[in-house]
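Chain B: place on chain A using the hints.
Letter by letter, the chains look like this.
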Amino acid sequence: MMARIIAGMGTSHVPGVGAAMDNGKTYEEYWQPLFEGFAPLRKWHKANVPDVNIIVYNDHATYYSLDSYSTFTVGVSEEFQPADEGWGPRQVPMVKGHPELAWHLVEQLMGEEFDMAVAGSLDVDHGLTVPLSIAYDQPDEWPTAVVPVCVNVIQHPLPSAARCYKLGQAIGRAVASFPEDITVGIWGTGGLSHQLGGERAGVINAEFDTRFLDNLIANPEANAQLSHTDFIREAGCEGVEMIMWNVMRGALNDNVHEVYRFYHIPVSATAYGAIILENS
Amino acid sequence: MTARDYDDVPGTYVLDSRQYRRGYALNMFLMSLNKPECREEFARDEKKYLSKYKVTNEQADAVLNREYLKMLQLGANVYYTFKLVSHDKQPPQVMYGKMSSPQLSFDEFQEMMLSGGRPIDGNRSKTEIK
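From first to last, the protein sequence lines stand for chains A and B. At position 127 of the first sequence the residue is numbered 127 (the numbering used here), and the sequence of numbers has no breaks. Quick note, the numbering used here runs 280 ahead of the 1-based positions in the second sequence.
Hints are computed from structural coordinates only; laboratory data are not their basis. Don't take every hint at face value.
[Said to hold, decoys possible] Keeping only pairs whose Cα atoms sit at most 20 Å apart, straight-line, the calculated DMTMM-like set for lysine to aspartate or glutamate is:
hint : chain 1 : residue 1 : chain 2 : residue 2
1    : B       : Lys328    : B       : Glu347
2    : B       : Lys315    : A       : Glu112
3    : A       : Lys25     : B       : Asp387
4    : B       : Lys332    : A       : Asp67
Note that this is a predicted model, so its numbers are computed, not measured.
Just chain A, with the same shape it has in the complex (with noise of 0.2 Å):
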């Protein structure tokens, strides 16, 4: 038996949402909404958790910075660390990492001419422990091991929509390859639409969102032809991290069906997305 992906999940992991849990805020009439929407997500995963996340997802000047940047990182270690990120680490579980398949994935990676960069020892920022905390509310250890994939969604030159999407396919047939009884969530993280910096800060557009969401089940293909400019225009600077669903999106099969979708704004200056997806 070789491993199997049984879901691909979106969603943003927008800081303030784990800040909102860690500080016990959530039954605000600020986040009440939110995490009512949340209800029927955790639900589906309480019901479906696989043996390993994939989670693809960003650094944000945590890891990386302008010293040094990759493109697209799998982290093969055996735990990592929440990190540090300029207001002490969030008090959430070590993330237990799952180094054979995260290994595999390079390896398989790498002979598909996708040059991954190896990470030994990464610390992991809220870009990947939120969804955890989205997905698993607040557990004394998560429930799944996780593979991080990191993707540069921050530092220009980024690798294209197109571009992750085809390596959202490699990871699809890496794991279908993958020689043991295993099942695989594949998570793609950030968006949706905002912009944090500059004189247009908190522009949202619903719109755009929306038809990303319904071709990201139909019609993928026209996700992956927008530009880096399509985003930030559209969808402001930081909405680019949408690039990400792409990665998610392309591990799953030709045909998907939606289990769950939201879409709640706005999360500090962000319109807030999730959607579960199952291979039809």
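Frame of chain A; chain B shown alone:
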């Protein structure tokens, strides 16, 4: 330097090679605030701590005065700038509001977001800004 097709997007500071070169020292100073011992040293004497980095006087003043928009204009990236805001124990909306044009208070920025965010219409291109 090479023009980019996103140069036409108003009020937007993309971390590309131009911004990278302009803001290298500034961003690396901000990056250092990931370390608790650096945050402490900065808190003790901000000016002295800044002098350890090759930031320009203009960049140092923007940091000392918490002029976030100026910092972006001088090469900072917003994810690096966050570290200063959280060092000050301020919610990020304070920074977003201060960078906005026209400037918004925390409450005004929050209000704008609660009513659906800054509209994209009229904000796609510099040609749309009066």
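Consistency of the hints with the structure:
no.	hint	result
1	B:Lys328 - B:Glu347	19 Å, holds
2	B:Lys315 - A:Glu112	38 Å, violated
3	A:Lys25 - B:Asp387	18 Å, holds
4	B:Lys332 - A:Asp67	17 Å, holds
Hint violations for this structure: number 2 only, all remaining hints satisfied.
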